[in-house]
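Asker: I would like the entire structure built from these sequences, with the hints used as guidance.
The primary structure of each chain is shown beneath.
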Amino acid sequence: MTAIFAILSIAMIAIILVQIGKVTELAAKIKGEENSEMEANNRNGYGLLIFMPLFLIACAVSAYYYKDSMLLYGPHQSASEHGTELDSLFNVTLFFTGIVFVITQVVLFWFAFKYRMRKNAVGLFISHNNTLEVVWTLIPAVVMSFLVIRGLVAWNNVMADVGPDEDYVEIEATGYQFAWVLRFPGDDGVLGAKNFRKITAINQLGQDWEDTKNLDDIVSSAPGEVIKLPVGKKVRVRITSRDVLHNFDLPHFRVKMDAVPGMPTYFVFKPSVTTEEYRARLGSVDDKTGEPIYPEWHEPYDPEDPSVGPRWKNFNYELACAELCGKGHYSMRRIIEVVSEEEFNEWMKGQKSFYFSSVRNTEEDPHTGTLFNREVSERAAAFREKTEKAIASNETGDKVISLENVTFETGSAKLSGFSTYELDNLAKVLQEYKNMTIELAGHTDNTGDPDKNLTLSQARAQSTFDYLVGKGGIDANRLTAVGYGQTRPVDSNDTEDGRQKNRRTEFKILTQ
Amino acid sequence: MADIVSKTTTITYDPDILIEELGYDDHFHDHHHGDKYQSNFITHYIFSQDHKMIAKQFLITGMFWAIIGAGMSIIFRLQLGFPEDSLAWLQPLLGKWITVNDAGIGTLDPQFYYALVTMHGTIIVFFVLTAGLSGTFSNLLIPLQVGARDMASPLLNMLSYWFFFLAGVVMFASLFLSTGPFAGGWTAYPPLSALPQASSGSGAGMTLWVLSLVFFVVSVLLGGINYITTVLNLRTKGMSMWRLPLTIWAFFVTAIIGLLSFPVLVSGFLLMMFDRGLGTSFYLSDIYIGGQALDHVGGSPLLYQHLFWFLGHPEVYIIILPAMGLVSEILSVHSRKPVFGYKAMVYSILAIAFLSFIVWAHHMFMSGVNPFISNFFVIFTLIIAVPSAVKVFNWISTLYGGNIRFNSACLFAIGFVSMFISGGLTGIFLGNSAIDIQMHDTYFVVAHFHIVMGVAAFFGMYAGVYHWFPKMYGRFLNETLGKIHFWGTMIGAYAIFWPMHYLGMAGVPRRYYRFDSFDAFSHFTEMNQFITIAAIIVFAVQILFVINYFYSIWYGKKMTTRNPYNATTLEWTTPIQGVHGNWNGKIPAVQRWAYDYGKDGRDFIPQYVPKLDGESDNDH
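Sequence lines, in order, name chains A and B.
Using this note's numbering, the first residue of the first sequence is number 246, and each one after it goes up by one.
Using this note's numbering, the first residue of the second sequence is number 782, and each one after it goes up by one.
I should point out that these hints are in silico values taken from the structure, not numbers from a laboratory.
Careful, some of the hints might be misleading.
[Stated by the list, open to error] Facing chain B, according to a computed beta carbon distance under 8 Å, are these residues of chain A, among others:
#, residue
1, V471
2, C570
3, R578
4, I581
[Stated by the list, open to error] Below, a list of computed lysine-lysine pairs in the DSS-like style, where the Cα atoms sit at most 25 Å apart:
#, chain 1, residue 1, chain 2, residue 2
5, A, K644, A, K673
6, B, K1338, A, K276
7, A, K267, B, K1339
8, A, K267, B, K1392
9, B, K1264, B, K837
10, A, K644, A, K473
11, B, K1264, A, K364
12, A, K274, A, K364
13, A, K274, B, K1264
14, A, K276, B, K1339
15, B, K1338, A, K364
16, B, K1252, A, K274
17, A, K276, A, K364
18, B, K1252, B, K1338
19, B, K1252, A, K267
20, A, K594, A, K473
21, B, K877, A, K267
22, B, K1264, A, K276
23, B, K1339, B, K1252
24, A, K274, B, K1339
25, B, K1264, B, K1338
26, A, K558, A, K473
27, A, K274, B, K837
28, B, K1264, A, K359
[Stated by the list, open to error] Pair ranges (Cβ atoms, derived):
#, chain 1, residue 1, chain 2, residue 2, range
29, A, L616, B, E865, 54 to 62 Å
30, B, P1152, A, P551, 44 to 52 Å
31, B, S959, A, G595, 44 to 52 Å
32, A, I344, B, Q872, 26 to 34 Å
33, B, P1356, A, K312, 56 to 64 Å
34, A, V387, B, I1318, 37 to 45 Å
Idealized CB from N, CA, C, for every residue including glycine.
Answerer: What follows is the structure, encoded as structure tokens:
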């Protein structure tokens, strides 16, 4: 119904306007065509004359109203080193084009008004003026040369790659429909190789795990995760895409570069303002009056929930996509936080390698069955911690420590896998604590014949005993090996999980 | 009878007598008995081979597409200005692309939002501002202003229109696909455009989009080769190149640009179709999408971008040069002065045309091309500012000392100059690659190209329509409505596009379905609402023009004299009701250039009037 009304009212307006047109034509006929044409001509001449200042004022007023979007001044200052240079180039261009804009618009409308039709007048016959034309060819040429030179100097500085001896942070951003995945190179400082054919639900980037440089890489793919970058240090972003074109857009840092499938692109920039500093500037108040300098940043961030605080406190640098990539193009947001280098290093330390946290020992891990040096030392440290805790404790219940990584071949007492690393760790403890005596205990689950289980557990405990004495050089008097079979389960034998826990080798500190 | 008024004397000429006396007899009417081309309704109105009728066909088809293209922009502007408001009332029109929730709030599907944006761009750039503008006025004016009976090949000319029509039919059909029309942006960058997995519009929608544009290119080429041949070979006696009106220069150069650049686009499309259909890898490499790694390896999406922009950039000059030509002519006629610096105008058209071929990569500064290459493109791009500035200064100087008649045509021409200045100057920011880092693909770009090649080109087109409407239909458009149209559009277009510069500086990217996913982009609600309201008003004003157009065809003020504007060019010597072959008798011979206004105290001297003894010839 409303649609019909809308259409009807539009039709009515159209009819009225057409009638106005008709009437003015008739009126013109009555008044005499020439006179009414003259009048209309004058009206439009004055219209142009009035339009010109109103237009220019509207430009100036709107520019003032939106001054906070202006580059180089106000809250929208660049947060990167090169950005300030680009902003100043923008303003230099604005200065020159602004002059040309005002002059040409004023003269255009002024001439139009001034030389509006007069009765019996004839236009001047001026076909050309070579001097004038040379002048107004040369002036723009000179101004353009100036802008080109400044622009290209800035451009080549921004686009230059990092120097060979320069200290920088390398990161990788990969766009896909519709999110960004960010990757840090980890301790080795080098990003590992990728292959799009290796992409899986877990391995979103297609990292090639055969390339050991990948193993320490840190991957951040959850859109809510904050990415940290150090202030005052060059960041070299390697930008790639998994499917269609994307664009790595950091508006506050004046950074923008397409992500192209099959062709990595790079952008090097140096963040110069930390998130905290940027927030402080947005929230700053005038020293004398105490008035906020940017009042709009003191408005509540979330009008429905005032506890979130003002906008300036919630400011964040944002990563966006600036190349049409499909229907979710508008939603590829990530938050970037710029922090001091110390804080960045601290944060990096807390990050886990994606391989070791999500891929290690899964079906996708080609290195199953081998142990990396870092795992050996990690296990040693964990073992050490566990035993020291047990030593320090006074509860007898705490004195039993499971040898989680000691395993045996199926149905046999032969040590398998990486058991010896664990036993070496134990040997090290025993060497340190000279007075310590321990009981080595083997346990099984309840499957099979209880007698055989008992014998097997006894044999397995004996294997660890033999290893510690033989390879570890521990005095046999300090060790006892006992097999308990299935008699001391720690969990239910009704589930596979429970049975798994029950099959175990442990040791108990007798004296220390 | 045409009076040539001088302050001192009145010399009276009868154009028919003069043309009969001095004109060129090509025995046209001996050969064309009974006007066989226009003998019945179908050959007169539909499969017409008469350039004047084809011009009208181009214009009216262009208007149809302009309404659709602009209407689409209104829908997506509603989404951007009022994202929370219900669009359920559009459901009868858009069907499944509007989802209505339990509360009765209708939301536009993001996929269809992108389809609308894409179609808006494609339609306005190709169907309206290329076919509707250059197609209309090249057809109408080239034969009339160079003094030819028709185009060099009327048959090809007819085919040119019908290929355009076919392109339109295919594009229109694609709007109704269940997977939606193509939605990957008017530039159709692969891989998004190549893979249906990436966007549902890249399936059948993309196939039809490409097919349509291939038909369109055929149309442009058939038209272009005709325009070039006609200008080169069918100029009347005495019509040297330096005596051509600037309109013809503009159309001529435009046709050359089109002829050289459109085929490159087709080659780009061809490779795209190979990648889509035959499994080649021109543009695709290392893609994992829809849960699987594709076989394509070794291609580069940048290759497509190079091929596309090799047309894409000249295309903006294909759009703007005809508008420039029309404006030069109209400003001169209505300010009763010769166009200032005719030769400089021609040279700047040629310079712009040449440079338009070596600046394409300025669309690709941020695409991953070698930054070193960008240096050259920055230099060439900013050099274009020089001939453009010369043209602006010359237009302004054309007004200086004139006796300006502010009819709608002239107002739109003045508006064009204002728009061209505003939009051209922001090009200086974007052409400088360093500034482009921040501005690339933001609303600053949207503001820039809409003002400089969207609004300005529309202004040139409107100026042309108001000016030559009497030549097309023997009647005038209503001037009162025309002035409402002008002022509404002038103020409204600035209101729409000017604020977008600020959005761009704030870094707000274009082609966003909504802005509230980002803190940095979400604080311009007021402005977006303002822009949307302005767009609706401007759209309504354009509808007024359409009403005026069709009303005036039948009821407009009749043209009583053959040369209502006292213009010098040849089209105003033909009969009021156009005839096949344009002139009933001989073709007028040309004695002078097209811009003898105000010369020696005489208001105007038509091109067919011979020089008086001792009259200077001004090198023409």
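Asker: Each hint should be assessed against the structure and marked as holding or not.
Answerer: Okay, the hints, checked on the actual structure:
For V471 (chain A), the suggested interface contact is broken, since its CB lies about 14 Å from the closest CB of chain B, more than 8 Å. The beta carbon of C570 (chain A) is positioned within 8 Å of a beta carbon in chain B (closest approach about 6 Å), and the interface hint is therefore held. The restraint placing R578 (chain A) at the interface with chain B holds, with a minimum CB-CB distance near 5 Å, inside the 8 Å limit. Violation of the interface hint for I581 (chain A) is found here, the shortest Cβ-Cβ separation to chain B being roughly 12 Å, above the 8 Å cut-off.
In summary, the hint linking K644 (chain A) to K673 (chain A) is supported, as the alpha carbons are separated by about 17 Å, within the 25 Å threshold. About 16 Å separates the Cα atoms of K1338 (chain B) and K276 (chain A), which keeps this hinted pair within 25 Å; it holds. Proposed proximity of K267 (chain A) and K1339 (chain B) is supported: the alpha carbons are some 13 Å apart, at most 25 Å. At roughly 43 Å between alpha-carbon atoms, K267 (chain A) and K1392 (chain B) are farther apart than 25 Å, so this suggested pair is violated.
Under the criterion of a C-alpha separation no larger than 25 Å, the hint pairing K1264 (chain B) with K837 (chain B) is consistent with the structure, at around 23 Å. With a CA separation close to 43 Å, the supplied pair K644 (chain A) and K473 (chain A) exceeds the 25 Å bound. For the proposed pair K1264 (chain B) and K364 (chain A), the alpha carbon gap of about 22 Å is at most 25 Å, so the pair holds. Between K274 (chain A) and K364 (chain A), the direct Cα distance comes to roughly 19 Å. Compliance with the 25 Å bound is thereby established for this hinted pair.
Annotation: proposed proximity of K274 (chain A) to K1264 (chain B) holds, straight-line Cα distance about 18 Å (limit 25 Å). A distance of roughly 18 Å separates the Cα atoms of K276 (chain A) and K1339 (chain B); the hinted pair therefore holds under the 25 Å criterion. A threshold of 25 Å between alpha carbons decides the hint, and for K1338 (chain B) with K364 (chain A) the separation of about 23 Å falls inside it, so the pair holds. Straight-line distance between C-alpha atoms of K1252 (chain B) and K274 (chain A) comes to about 22 Å, which keeps the hinted pair within the 25 Å bound.
For the given pair, K276 (chain A) sits about 17 Å from K364 (chain A) by alpha-carbon distance, which is consistent with the 25 Å threshold. Under the criterion of a C-alpha separation no larger than 25 Å, the hint pairing K1252 (chain B) with K1338 (chain B) is consistent with the structure, at around 13 Å. Taking the CA atoms of K1252 (chain B) and K267 (chain A), the gap is about 21 Å. The hint holds against a cut of 25 Å. Our distance criterion of 25 Å between C-alpha atoms is met by K594 (chain A) and K473 (chain A), whose separation comes to about 12 Å.
Between the alpha carbons of K877 (chain B) and K267 (chain A) the distance comes to roughly 43 Å, so the proposed pair goes past 25 Å and is violated. Taken as a hint, the K1264 (chain B) and K276 (chain A) pair is honoured in the structure, with Cα atoms around 19 Å apart against an allowance of 25 Å. At roughly 11 Å between alpha-carbon atoms, K1339 (chain B) and K1252 (chain B) fall within 25 Å of each other, so this suggested pair holds. A threshold of 25 Å between alpha carbons decides the hint, and for K274 (chain A) with K1339 (chain B) the separation of about 13 Å falls inside it, so the pair holds.
For the hint linking K1264 (chain B) to K1338 (chain B), the alpha-carbon distance of about 16 Å falls within 25 Å, and the restraint holds. Of the pairs offered as hints, the one joining K558 (chain A) and K473 (chain A) holds, with about 17 Å between alpha carbons and a cut-off of 25 Å not exceeded. For the suggested pair K274 (chain A) and K837 (chain B), the alpha carbons sit about 29 Å apart, so the restraint of at most 25 Å is broken. Between K1264 (chain B) and K359 (chain A) the alpha-carbon distance is near 19 Å, which keeps this suggested pair within the 25 Å criterion.
Look at L616 (chain A) against E865 (chain B): about 57 Å separates their beta carbons, and that is inside 54 to 62 Å. Separated by about 47 Å at the C-beta atoms, P1152 (chain B) and P551 (chain A) satisfy the suggested range of 44 to 52 Å. Evaluation of the 44 to 52 Å hint for S959 (chain B) and G595 (chain A) yields a pass: the beta carbon distance comes to about 50 Å. Hint check: I344 (chain A) to Q872 (chain B), Cβ distance near 51 Å, so the stated range 26 to 34 Å is violated.
The given range of 56 to 64 Å is respected by P1356 (chain B) and K312 (chain A), whose C-beta atoms sit roughly 60 Å from each other. Here the CB-CB span from V387 (chain A) to I1318 (chain B) is close to 42 Å, well matched to the stated 37 to 45 Å.
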